[in-house]
Structures are given as structure tokens and as C-alpha cells.
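Sequences listed follow chains A and B, in order.
Residue numbering for the first sequence follows this note's numbering, beginning at 1 and increasing consecutively.
Residue numbering for the second sequence follows this note's numbering, beginning at 1 and increasing consecutively.
Bear in mind the hints are in silico, worked out from the structure with no lab data behind them.
Please read these numbers as outputs of a predicted model, since none were measured by experiment.
Treat each hint with caution, since some may be false.
No copy is singled out in the list; a pair is fine if it fits within one copy or between any two copies.
To be verified - In silico DSBU-like pairs for lysine-lysine, Cα to Cα no more than 35 Å straight-line: (1) 265 to 92; (2) 89 to 192; (3) 26 to 71; (4) 420 to 485; (5) 265 to 98; (6) 414 to 285; (7) 65 to 7; (8) 192 to 26; (9) 259 to 71; (10) 76 to 479; (11) 21 to 479; (12) 206 to 18; (13) 21 to 320; (14) 234 to 76; (15) 192 to 71; (16) 76 to 92; (17) 98 to 7; (18) 281 to 412.
Number of protein chains: 2
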Amino acid sequence: MTLTESKDFSHLFSEETKARKPSPLKTCIHLFNDPNIVFLGGGLPLSDYFPWDNIHSQSPLPPFKNGIGSKITGLKDDTLEYVVSRDEKVEKADIPFKKSLQYGATQGQPEILEFLREHNKLVHEFNYSDWDSILTTGNTNGWESTLRIFCNKGDVILAEAHSFSSSLASAEAQGVITFPVPIDSDGIIPEKLESILDNWTPGSPKPKLLYTIPTGQNPTGSSLSDERKEAIYKIACKHDFIIIEDEPYYFLQTGPYLKDLEQRKKYEDQQEQQNHEQFLKSLAKTFLSLDTEGRVIRMDSFSKVLAPGARLGWLTGSKKILQYYVSLHEMTVQGASGFSQSIINGLLQRWGQDGYIDWLKGLRSEYVIKRNNAIDYLHEFLPASGPFTINPPIAGMFFTVTIDATAHPDFKTKFNSNPKAVEQHIYETIVKNGVLLVPGCWFITEGETTPPQPADSKQIQNPNEIFFRGTYAAVAAEKLREGLKRFSECLKEEFGF
Amino acid sequence: MTLTESKDFSHLFSEETKARKPSPLKTCIHLFNDPNIVFLGGGLPLSDYFPWDNIHSQSPLPPFKNGIGSKITGLKDDTLEYVVSRDEKVEKADIPFKKSLQYGATQGQPEILEFLREHNKLVHEFNYSDWDSILTTGNTNGWESTLRIFCNKGDVILAEAHSFSSSLASAEAQGVITFPVPIDSDGIIPEKLESILDNWTPGSPKPKLLYTIPTGQNPTGSSLSDERKEAIYKIACKHDFIIIEDEPYYFLQTGPYLKDLEQRKKYEDQQEQQNHEQFLKSLAKTFLSLDTEGRVIRMDSFSKVLAPGARLGWLTGSKKILQYYVSLHEMTVQGASGFSQSIINGLLQRWGQDGYIDWLKGLRSEYVIKRNNAIDYLHEFLPASGPFTINPPIAGMFFTVTIDATAHPDFKTKFNSNPKAVEQHIYETIVKNGVLLVPGCWFITEGETTPPQPADSKQIQNPNEIFFRGTYAAVAAEKLREGLKRFSECLKEEFGF
């Protein structure tokens with residue numbers, strides 16, 4: 001089947017994007033490699049002056065037989081030694097430092113982009129022809145750029161009613177209004193989203209974007225089902241907004257928490273025995289895979305699967321839109337670090353697509369253990385019935401515990417029937433007792449809207465329900481257990497259990 | 001002498017800067033390293049999962065006895081081998097990858113910042129107490145952030161009448177008006193600058209910033225004298241604007257071009273024999289060194305002295321201002337690449353301050369040769385008298401040739417007395433003949449101002465004078481000679497010489 005091209009969404013661009021002129025210097029850059037031209041146009045230092053002749057790395061070797069995170073021995077059966085050179089390609093698809101450490105290639109070096117396009121094809125279905133990927137310096141950069149590409153001051157965007165506070169703050173600092181979309185334990189509720197938009201105050205500017213973290217959402221830990229995604233995509237088409245899927249946790253899809261140990265063992269064995277095709281098929285369908293028009297922009301990142309400080313991620317979407325990101329990035333980040341690109345590309349090219357999938361699969365196993373530990377400990381320390389609800393995630397790094405604030409003995413007296421006061425009191429208490437989880441109110445999406453819009457999520461969620469977000473990513477099992485013990489003891493003490 | 005603190009310049013901040021709230025997550029981050037707290041707050045992956053155990057580099061060894069850019073042998077007398085490890089500090093001031101590849105430290109890792117502070121103290125005098133440096137991902141990022149920190153849409157900034165087109169375009173895309181400051185062959189003319197500001201239309205918003213490239217200016221190649229800098233700094237205090245000194249070429253101070261070969265040899269020998277103190281003393285005084293109030297922000301970069309693709313630079317200025325850059329960067333770039341930081345820091349710590357000065361001094365020698373070659377070739381190929389003026393720079397990567405457009409035989413006829421038409425015609429002709437230099441009109445600073453301001457530079461500079469910018473940085477001597485021969489032949493042909 002021949003795919004058609006993506007639609008034009010330039011009517012949603014910001015003033016800034018419309019005003020950005022290409023640099024005149026770019027009009028001659030194609031002559032740089034013309035053998036008939038002596039190019040005296042650009043201030044590029046000679047690569048002979050780059051003081052790194054070659055860089056040699058010791059890394060784990062697929063299929064990572066001792067598991068992700070185990071010490072490598074330096075021996076051939078678990079250790080990959082590779083060299084990236086300044087001047088030559090040691091491997092065919094290497095990026096020598098003379099290229100990656102030079103100016104140019106704001107969109108990313110061709111070799112690593114090609115690897116990522118191939119990876120994309122394994123993970124997503126593409127339903128229009130002119131899709132592409134470009135590098136970012138991570139999803140923080142990808143999101144900031146997205147706001148600049150689409151939003152003017154006063155524009156409205158949609159976001160999950162609880163969302164990643166830095167993403168919300170970034171929008172709010174730019175004068176962009178963040179409008180909360182009602183969520184439940186499975187993420188955005190499509191019917192509520194549709195009702196908000198169907199009843200949007202006439203004449204009031206409609207949202208340009210939906211910002212969503214579909215998998216292992218931060219902070220709630222929820223994951224959107226394929227069905228909900230389909231419904232949300234339809235609403236996006238109907239009400240003409242762009243979907244930004246921010247997916248740093250996508251490959252940490254642990255699957256359901258199974259309390260029964262026998263069931264659990266069986267499920268984990270099945271996971272373990274998946275071949276690559278089965279593994280990829282087990283992953284949630286992406287918004288990108290549903291997109292027939294080019295209105296989805298996906299943000300992927302190496303931060304959670306290789307290392308955050310690599311500052312390397314990629315955007316995937318319609319070329320018609322991505323070219324404007326490249327123009328913006330020429331004036332902002334210029335491009336991702338050449339060290340990051342050469343070193344990560346050097347690793348990925350030697351691992352190959354298969355080795356990288358081995359890595360992602362191995363990483364999932366690690367997070368299955370971590371997630372199970374966290375939820376097991378909570379079940380161990382918290383009463384089975386009462387005001388506390390443990391919410392086991394099926395993906396990501398975060399779990400939450402929701403609490404009925406009205407169950408606190410002092411709710412009506414000391415706390416004046418104010419659930420937020422209970423939340424703040426518990427936060428202070430747990431920190432005093434040596435454990436830190438983050439109160440849910442830190443993640444509330446609450447931009448002002450003028451005129452006020454209907455179906456505000458604050459009226460839909462139970463206002464007396466508070467929650468705390470914890471992570472099992474950052475600490476070893478024993479410490480996690482101790483932390484959750486302290487947390488649970490505090491809750492029981494406070495609520496009289 | 002005890003230095004006093006910098007002044008408060010928050011009245012010059014943008015709406016966005018004033019609106020930016022610190023992330024609530026940052027209020028608890030100090031508890032991350034508290035041994036009494038089990039920190040389940042942040043989604044940080046375990047560093048055991050970062051797939052690089054150690055990275056080993058081969059780099060040149062100070063004092064670079066065979067010169068910068070010569071091949072290293074791998075032997076002890078010219079080759080530095082160093083290892084940066086994921087888990088340990090191999091050298092005391094190393095940044096292990098478990099730190100640099102983790103989240104955190106938006107301002108930069110402490111080890112490399114400390115190196116840069118020490119370097120700063122060698123290069124500048126500081127006249128107020130609370131200065132500091134923070135990392136950027138290069139000066140493109142530093143400048144973009146500067147615009148976001150200070151400017152609202154409609155604000156005015158000052159820039160050299162010809163300036164780096166990408167910097168101007170970045171401002172213009174944000175709706176910031178770039179106002180041209182008259183320049184001559186020595187850069188900004190302080191008297192003209194003062195007159196513009198003294199006669200600024202009352203009630204019209206005054207410029208918040210002066211953007212300047214003081215050393216080896218792009219595109220003119222000019223360098224500001226210490227005296228002009230002093231005068232400009234006084235005007236900045238009088239008219240309350242911030243000075244942004246963008247100094248990527250600062251260490252490429254080649255000194256004057258000497259046509260006489262005997263004089264040249266003597267001068268170069270003197271340069272060669274300079275010890276580090278003499279070398280540093282020979283450098284131009286910086287705006288930073290003149291600053292008593294904290295109204296200068298300096299942008300330094302490794303792009304021209306180590307490698308552009310490292311995407312690593314630093315800002316130096318008042319802590320009171322820099323802290324707002326850090327808050328902005330938390331939401332934009334998050335931080336420079338950890339690979340770049342660990343690898344460059346690893347090199348610099350082993351070179352030491354002295355080794356780094358050796359490198360910079362060696363690099364200067366390279367650029368002296370390159371600059372001399374370019375100007376020699378131009379003298380060889382262009383007539384000594386006539387409409388062409390060769391402008392030998394004393395620093396940087398760029399030279400210019402100015403041309404009296406009225407001298408073209410077809411000026412009044414074919415070109416309708418329009419110098420820009422001559423410029424475009426010459427550009428097309430040289431490209432057709434196999435050489436590319438960039439026409440001066442690509443660098444014109446010309447924002448609109450409402451109401452129009454007096455002393456517009458366009459009335460001051462000779463409107464019939466056009467110029468071309470060339471670089472001697474990017475090509476080897478032979479190719480440079482061939483390119484400049486082609487360029488000169490075209491000019492002579494066109495102007496009938």
C-alpha cells in the first residue's frame with residue numbers, strides 16, 4: 001500500500017515559528033562539499049585541532065547473559081570493547097569525531113538517525129509517508145522546543161490533571177495556559193476530554209496541543225490502553241489539536257503486578273522466553289502508530305534506558321513539522337553533543353538492532369523486580385483494608401498510594417476539613433521519619449482559563465483523595481523496603497491503624 | 001581589598017523570567033544526599049545500568065612540542081592516555097560517569113566549573129565579589145537563553161551594525177528589535193553609541209542589552225581596543241544596559257599583520273618566547289575585567305579552541321543573574337552532555353592550567369600562520385591601489401575585503417547605482433568561478449524601530465562600500481591560496497584591472 005503524505009498543520013504554529021527566517025548562511029551550505037568550490041564561507045576549525053585521536057570504551061556485550069547492571073569482567077564473553085576514531089570509521093556506520101565534533105547536522109548525524117529510524121520501524125506502524133526523526137538533547141529540550149514551535153503567550157494546551165511538574169512549569173513560564181484533563185487510574189478519560197472540547201466556550205481559543213505521558217505516567221504511574229488512545233486520537237482529529245506523546249518510560253512496560261507468587265513466576269517465565277518479535281508485540285500501541293495525518297509528535301529519550309546525562313533523545317513525526325524544529329534548534333541547542341552521538345552510536349551499531357532489543361528486554365526484567373518489590377513491601381506494611389489504596393503500575397518508575405484524607409482522626413478539627421492540609425502534614429511527618437515520597441499536589445495542572453471552561457477536572461476527581469508518588473528506580477531493594485516501612489508506619493500511626 | 005557585591009539588575013528581566021517559578025521538586029532535592037533519608041522522590045535510573053564502564057582517550061600531551069594539530073605517535077613524549085571511569089575517580093578531580101551521566105547539576109559538574117573559575121582568574125580581573133561561571137551547551141545556547149532571560153517581544157537590543165547573522169535572527173524570531181550600532185574598522189564607535197542613546201526618542205523603550213563580539217568580530221574581523229571598551233562600559237552604566245560579550249575567538253589573538261618579513265619574524269619570535277604570564281598579559285582587556293557592577297555577561301566556548309561539536313561553553317557574570325539562567329536551563333537544555341563534561345574535564349585536569357595555556361598559545365601560532373597566509377595571498381593577487389581594501393584582522397578566523405562599488409564600470413548602468421546589486425552580482429560570479437566568500441549584506445543588523453531612532457548607522461557608513469567575508473580557519477594553505485586567487489581574478493576582471 002502506498003502511503004499518503006501528512007497534512008499541513010502550519011495553522012497551529014506560533015508567531016515565532018512563522019517569523020523565523022532561515023539563516024542566509026544556510027543558503028550556501030550545500031556548496032561546502034562541492035569539490036569545485038573552495039569554501040571560505042564558514043568559521044570551522046580544522047579537525048586536526050580536536051585533541052582526541054580516538055576514544056576506547058568498555059561496555060556490556062549482548063545478550064547480557066548476567067543481566068543488565070551486572071559488573072562486566074573485561075573478558076570476551078560479556079565485554080564489548082570498541083573504538084571510535086577522530087579520523088576514520090572503525091566500523092562502517094561509525095561517526096568519526098572529525099564529523100561529530102564539527103559544526104553542522106543540527107538534526108543529528110546520519111548514522112545514528114538511520115539506526116533510530118530502523119528502530120522506529122520495529123516499534124511503530126507508520127501510516128503516512130513523510131515521517132522522520134531528528135535528535136534532541138533530551139525530552140526537556142524536545143518539550144521546550146514544542147512549546148516554542150506551537151504556542152504564543154495566552155494559548156491553551158491540555159495535559160493530564162496531574163502531570164510532570166517541570167513540563168507544566170515550562171509552559172506556564174512562557175505564558176501558556178495548561179488546562180487539566182480528567183484522569184482515573186488508567187490515565188486520560190476520553191469521554192471527559194471530548195465533553196470538555198465539545199463544550200468549550202465559543203470564541204475562546206481552543207487548545208493547540210495535548211501533552212501526555214501515555215506509559216508509566218509521571219506522577220500517577222498509569223498507562224493508557226490502546227482503546228483509550230484510539231478514542232483520544234479521534235478527538236484530536238475532531239478538535240484539531242496536536243498530540244505530544246512524551247515516552248521516556250515506554251520500554252519499562254513491566255506488565256501487571258501479580259500478588260500470587262505462582263502466577264507471577266509463570267508470567268515472568270513467559271516474559272523471559274519472549275523472542276524479540278513477541279517482546280515488541282507485547283508493547284502498548286503508540287499514538288504514532290495510530291496517526292494517519294501527521295498530528296502526533298513523539299518524544300523518545302535515552303535518559304531512562306541508557307543514561308540521562310547523555311542528553312540525547314529524538315523526535316518522530318511529520319517532516320513538514322520537524323523541519324521547523326531544526327530551524328529552531330539551529331538557534332538554540334545547535335545540536336546534540338558530538339561525544340554523545342559518536343559514543344552512543346558506536347555502541348548501538350555494534351550491538352545492532354537485536355542487541356539493543358536485548359538490552360531493553362533485560363532492562364524490563366530489572367524493573368519488573370523493582371516494581372514487584374515495592375508493591376510487595378507496601379502490601380506487607382499497610383493494612384489490607386482502610387483508607388490506603390496501593391496502585392501498582394504496569395510500566396515506568398513510579399507507584400502511588402492514594403489516601404482518603406477524611407479518614408484522618410483530626411480531619412475536621414486540626415485540618416479544618418482541608419485534604420491539602422492533611423497531605424502537607426503527612427509529607428512533613430514522613431520526612432521527619434526518614435523517608436521522602438512526593439505529595440500529589442506538586443503535580444497539579446492548574447492554569448487559569450479566561451473564560452472559565454466547563455468540566456474542570458477538579459470537580460470530577462474526589463477532592464478528599466490525596467496521594468503520594470514514590471519511585472523504585474533509584475534505590476536498592478533493602479533500602480526501598482526500609483523506606484516503605486517508614487512510610488507505612490507513619491501512615492498507620494497518623495490514621496490510627 | 002574587599003570587593004563589594006554586584007548590583008541588582010532584575011528590573012531588566014523579561015516577563016518570562018519574572019514568571020518562572022522554581023520547580024517544587026527542587027525544594028526537596030537537598031535531602032537526596034541526607035544519610036537519614038530514604039529518598040524515593042526522583043526517577044533516577046541506577047548508574048549500574050549505564051553501559052559504559054570506562055572510556056579511554058588518546059590525546060596530545062603538553063607542551064605539544066610538535067605544534068597543535070600534528071599527529072601524535074602514541075608514545076610517551078607526545079601522547080596523553082587517560083581513562084575516565086563510570087564508578088571511580090581515576091584522578092582526584094575526575095567526574096565519574098555515574099555522576100555526569102546522571103540527572104542533576106544543571107549549572108555543570110563542580111570539577112569542571114572549578115577548573116574554569118581558576119582559568120577565569122588567570123584571564124580576567126574581577127571587581128565585584130559574587131561572580132561565578134555556569135556551563136552552557138555553547139554560545140548559541142548562551143545567547144538564546146540571554147534573550148529569554150532579559151527580553152520581551154518588542155524590546156530593543158543593540159548590536160554591531162554588521163553582526164553574526166544567527167544571533168540577530170534568533171533575536172528577531174523572538175520579536176526582539178535589533179538596533180545597529182555604527183562601527184568602523186576597529187569595531188563599535190563609542191561616540192556614536194553615546195549619541196544614539198543620548199538622543200533616544202523619549203518614551204520609546206531603551207535598549208536592554210548590547211550584544212557584541214569584541215575580538216575578531218564576526219563578520220568584520222575587527223577587535224575593540226581597551227580604550228573603546230572602557231568608553232562603552234561607561235555608556236552602559238549611564239544608560240543602564242547589560243553588555244553581552246560573545247568571545248569564541250578570544251584566544252585567537254594573532255596580533256598585527258606585518259608585511260615586512262623581517263619585522264614579522266622578529267614579532268613571531270617574541271610571541272613564541274612569551275611565558276604564560278606574558279602571553280596572558282598580551283591579551284585584550286575584557287569587558288568582564290572592567291565590570292564593577294555585574295552588568296557584563298561573558299560567553300566563552302570550547303567550540304573554537306577544542307571542538308565545536310563538544311557543545312560546551314560557559315557564562316561568567318554576577319551570581320544574581322546567573323541563577324536565573326540555571327532555572328531556565330532546568331526547563332530547556334537541563335545541562336551539558338555528561339560525556340562532554342567528563343571527557344573534556346578529564347583532559348583539562350591532566351593538562352592542568354599550564355597545559356591548557358600551552359594549548360591556547362600553540363593554537364594562536366597556528367592562526368598567525370593562517371592569517372598571514374591569507375593576507376599575503378590577497379596582497380599577491382589584488383592590485384595595491386584601486387577600489388579594493390584588504391582588512392587584516394588582529395584576531396579571530398575572518399578577514400574582509402571591502403570594495404568601492406561605484407568603481408564597477410557598470411555601476412550606473414546595469415546596476416542602477418545600487419551597491420547591493422553589485423554585491424549580489426560579485427557573489428554569483430565568484431561562486432561560478434569556484435570560490436565562496438560571504439557577502440557583507442548577509443550580516444546587516446536592521447530591526448525596525450518604532451518610533452525611528454536617530455543616528456541610524458546606515459547613514460554613517462559609506463553606503464557604496466560593500467564587503468566580502470572570508471575565513472582562513474577551515475582550509476589548508478594551498479587551497480586557501482587557490483581560493484583567494486580565484487576570488488581576486490574575479491574582482492580584477494569585474495572592475496577592469
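At most 35 Å between alpha carbons: which applies to residue 259 and residue 71, within, between, both or neither?
within (31 Å within a copy, 63 Å between copies)
State whether the alpha carbon distance between residue 76 and residue 479 is at most 35 Å within one copy, between copies, both, or neither.
Within one copy only: 34 Å inside, 46 Å across.
Reference check for the pair residue 21 and residue 479, CA-CA at most 35 Å: within, between, both, or neither?
between (54 Å within a copy, 32 Å between copies)
Under a CA distance limit of 35 Å, which applies to residue 21 and residue 320: within one copy, between copies, both, or neither?
Close inside one copy (16 Å) and across copies (34 Å); limit 35 Å.
With 35 Å as the alpha-carbon cut-off, assign the pair residue 414 and residue 285 to within, between, both or neither.
Neither way: residue 414 and residue 285 sit 47 Å apart in one copy and 64 Å across, limit 35 Å.
Since the copies are identical, ignore which copy is meant and state whether residue 76 and residue 92 lie within 35 Å (CA to CA) inside a copy, between copies, both or neither.
both (22 Å within a copy, 30 Å between copies)
Reference check for the pair residue 89 and residue 192, CA-CA at most 35 Å: within, between, both, or neither?
neither (54 Å within a copy, 53 Å between copies)
Up to 35 Å CA-CA - residue 71 versus residue 26, copy category:
between (47 Å within a copy, 32 Å between copies)
How do residue 265 and residue 98 come out at 35 Å by Cα distance, when the copy is not named: within, between, both, or neither?
Only across copies: residue 265 and residue 98 sit 33 Å apart there, 50 Å inside one copy, limit 35 Å.
Quick one: residue 234 to residue 76, C-alpha cut-off 35 Å, is that within a copy, between copies, both, or neither?
neither (51 Å within a copy, 66 Å between copies)
With identical chains treated as interchangeable, where does the CA-CA distance between residue 98 and residue 7 reach 35 Å or less: within a copy, between copies, both, or neither?
neither (38 Å within a copy, 44 Å between copies)
At most 35 Å between C-alpha atoms: does residue 420 with residue 485 qualify within a copy, between copies, both, or neither?
within (23 Å within a copy, 76 Å between copies)
The earlier numbered hints that this structure contradicts are 1, 2, 6, 7, 14, 15, 17 and 18.
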